[in-house]
Structure formats: structure tokens, C-alpha cells
Amino acid sequence: MTLVVSFLVVLMLVGAVAASIFRDLISAIIAAALVSLIASILFYFLQAPDVAMAEAAIGAALTAAIFIIAIRRTERFEE
Amino acid sequence: MSFLNSYIYYIGAFGLILVGLYIILVKHNLIKVIVGLGILDTGVNLFLISVGYITKGTAPIFSRPGINSEHMVDPVPQALVLTAIVIGVAVLALALSLAIRLYQHYGTLNLRKIREQKW
Amino acid sequence: MRRTVTILLLIIVALGISLSLAKIPFGTPKTTVGRHYIDEGIEETGATNIVTSVVVNYRGFDTLGEVTVLFIAAIGLGAVLTTSVKGETRKIQPASLVLYTGCRLLFPLILVFGSYIFIHGHLTPGGGFQGGAIIASGFLLIYLGCRERRISRIASNLAESLGGLIFVVIGLLGLVFGGYFLLNFLPKGTANALFSAGVIPIIYIAIGFKVGSELASIIDNLIEES
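Order-wise, the sequence lines are chains G, W and C.
Counting in the numbering used here, the first sequence runs from 1 upward without gaps.
Counting in the numbering used here, the second sequence runs from 1 upward without gaps.
Counting in the numbering used here, the third sequence runs from 1 upward without gaps.
Any given hint might turn out to be false.
Subject to a maximum C-alpha distance of 16 Å in a straight line, what follows is the list of computed EDC-like cross-link-like pairs (lysine to aspartate or glutamate) [unchecked claim]:
1. W:K113 x G:E75
2. C:K188 x C:E40
3. W:K113 x G:E78
Hint data in this document are derived by calculation from the structure and do not stem from the laboratory.
Could you build the full structure based on these sequences and the hints that come with them?
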């Protein structure tokens with residue numbers, strides 16, 4: 001059990017570092033959505049089903065959608 | 001091993017807060033700063049829920065009438081984090097609308113170039 | 001230069017936080033008010049989902065403040081993004097028939113699922129915010145799949161305003177009937193039934209309508225192609 005949780009936490013931190021490194025902004029947004037998705041799974045392991053449902057619906061789906069719509073009206077690549 | 005068992009959630013939330021702070025302080029592109037703000041938000045929410053956890057506890061819902069309520073986790077941090085998640089998405093939407101206006105006015109989203117153009 | 005100063009600052013912050021986190025043990029009960037909400041929750045409110053009774057009944061005023069913050073953010077976004085100068089208009093490709101029919105088929109199912117989640121908010125995990133976000137995802141599917149349809153502004157403004165108005169009116173009725181704002185004045189009923197827990201289902205239905213139409217209007221303001 002602890003092995004599964006440790007693997008998920010390491011994957012979440014790798015995704016957060018990747019969101020800071022990528023120059024293509026669409027890839028950075030998808031890494032941030034991966035961080036939100038793994039946080040939702042960790043909320044379920046911490047016995048909080050309401051918060052897991054809210055984080056999956058709002059953090060993983062709607063945040064990525066409004067970021068991509070905003071990038072469509074501005075530039076796609078950093079600098 | 002028992003140290004890892006007890007503190008792995010704290011390390012995860014804490015690492016997210018540090019990465020979010022690094023992105024906000026160092027990066028030049030405005031949209032990447034807003035992505036860093038979102039990651040910081042997720043880290044703080046994860047930390048609040050992991051403080052309220054009790055070992056071998058269950059979720060605080062009485063789905064059948066006679067459930068043993070001895071080992072339920074704390075319901076108060078979950079209620080506060082539910083509010084915080086929705087406010088986080090509202091702040092991100094408002095920040096993105098300001099970024100779009102800034103792009104329409106200055107023609108670029110690089111924070112260094114905007115600072116040079118102002119002076 | 002900036003990068004090294006930032007990394008030094010983050011190392012100092014990390015040391016400070018980890019020294020204070022070592023004093024918070026993981027997995028021990030820390031407050032006693034949570035214990036009181038779990039033990040007395042069903043008799044005092046009638047809802048079997050303790051998190052719902054904390055959000056709507058015990059800390060209902062904080063939920064009113066949060067609904068206000070969401071409202072201000074939606075108004076601010078609409079005010080910032082209206083321009084009198086039209087940008088370049090892009091040619092929208094019409095969607096293929098499979099995509100169009102699939103989105104039209106899925107949209108009522110998503111609406112029914114979201115309504116189920118916020119109607120049963122006091123019995124199962126769920127509630128107004130989660131159901132509202134699912135309904136907004138259904139509207140996002142319509143924007144992405146059937147590309148010429150838009151939400152009618154009148155219907156979404158009406159749903160949003162009625163949701164907020166019902167929440168405040170129920171609070172004021174609690175002031176009239178009982179003595180303080182947001183008192184639970186309807187009868188509590190039996191536990192685990194659908195019509196139980198007083199005003200909690202009514203408030204959650206109002207919040208579900210409000211949050212769903214607000215997030216859908218935020219997406220509508222951001223897309224805004226002519």
C-alpha cells in the first residue's frame with residue numbers, strides 16, 4: 001500500500017517539474033492536469049470522496065479547458 | 001520505512017508547494033506563471049486534507065443506519081478544501097482574462113519586454 | 001542571478017517548514033470539534049453525509065461568502081473581456097456528422113448525471129459544487145462538438161440569479177422563523193430518506209444551478225468568436 005502511494009507521489013512530483021521545464025505551453029498544461037488527477041487519487045486514499053470528486057471535475061477537466069481556450073487567443077510557445 | 005509511511009503525503013504536498021513557488025518566481029511567460037499558481041493551489045489543498053487524516057479511519061458518511069462511528073476522519077478540513085478548490089478555479093479564470101487583455105494591448109506575453117516597454 | 005537567489009530562498013523556506021512539520025504527527029486526531037460534528041450530526045441536522053452538514057448547516061455563512069466570490073469573478077471576467085474592437089475572425093469548420101450526433105446524444109445523459117449528484121448531496125458523496133462542475137463540462141462538450149451552438153444569455157443569467165436569490169431568501173426566512181440567519185426550519189424527517197434534513201437539499205439544488213450556469217458562462221465569455 002505504501003509502495004503504491006510512494007509511486008504516485010513520485011509521479012506527481014515528476015509531472016510538476018515537467019510542467020516547469022516544457023517550452024510548448026500545451027504540454028505544460030497537460031502536465032498540470034496530470035498533477036491534478038494524481039492529487040484526486042490521493043484524496044481518495046485519504047478517505048475524502050467529496051473532495052476527490054470536486055478535484056477531478058474542476059481541477060483536471062475545467063482548468064485545462066480554460067487554459068487551452070486562453071492559449072488559443074494568445075501565443076502558443078514560450079518567448 | 002516507517003518514516004516514509006508516516007510522512008509521504010507531507011513530502012508530496014510540500015514538494016508541490018516548492019515547485020509552484022519556483023515557477024512563479026523565475027519564469028518569464030505570463031501563462032506559465034499562472035500554471036505555477038494552479039500547482040501551488042493543488043499543493044496547499046493536499047496538505048490540508050492530509051493533516052485531517054486519522055490512521056485506519058473511514059470516510060465520514062453514515063450510509064447505513066448502524067455504522068460504527070469510532071474511527072471516522074475529521075470532516076472539517078474536507079469542508080474547507082471543498083470551498084478552496086472552487087475559489088481556486090475562479091481566480092485562475094480571472095487571471096487568464098487579464099492575461100488576454102495584456103496580450104491585446106502590448107502584443108507580447110514576455111514579462112521582461114512588457115516591463116521595458118512601460119518605461 | 002535571479003535563479004540562484006530563488007533556489008537559496010526556497011532552501012531556507014524548505015528547512016523552516018520541515019522543522020515545523022516534524023512537530024505535526026501524521027494520523028492522530030487533532031481537534032475535538034470534528035468529533036462533536038460526527039457524534040451529534042444526525043440528530044441536529046438530519047443529513048447522513050457529515051461533510052454536507054458541515055458545509056451547508058454548521059458553516060453555511062462561509063458557503064454564502066464563497067458563492068459571492070465566484071459571482072464576483074464571473075462578473076469581472078465578463079467586464080474585462082468585452083471589447084468594442086473585433087479581433088480577426090477565424091473560419092470555423094463545421095463538425096462531421098458522427099461528432100455532431102455523438103455530442104447531441106451524450107449531452108442529456110451528462111445533465112441527468114450532474115442533477116443526480118446534486119440532488120443526493122445529503123445522502124451520498126456529492127453536492128452542489130461537484131454537480132455544477134459536471135453540468136458545466138456538459139456545456140463544454142457542446143461548445144467543442146457542435147460548434148455553432150451557443151448558450152442563450154437570458155436562460156443562463158436567469159438560472160444564475162435565481163440560484164443566488166433562493167439561497168439568500170432561505171437564509172432570511174430562517175431569520176424570520178427562528179431567530180438567526182440560515183436556521184434549519186423545515187422538519188428533519190427520517191435519516192437516509194430523500195426528503196429529509198430540512199433546507200439542506202433545497203440550498204444544494206440552488207447552489208448546483210448557480211455554479212453550473214456560472215462556469216458555463218465563464219467558458220462562453222472566453223470563447224467569444226464572432
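Consistency of the hints with the structure:
1. Between W:K113 and G:E75 the alpha-carbon distance is near 15 Å, which keeps this suggested pair within the 16 Å criterion.
2. About 14 Å separates the Cα atoms of C:K188 and C:E40, which keeps this hinted pair within 16 Å; it holds.
3. Taking the CA atoms of W:K113 and G:E78, the gap is about 13 Å. The hint holds against a cut of 16 Å.
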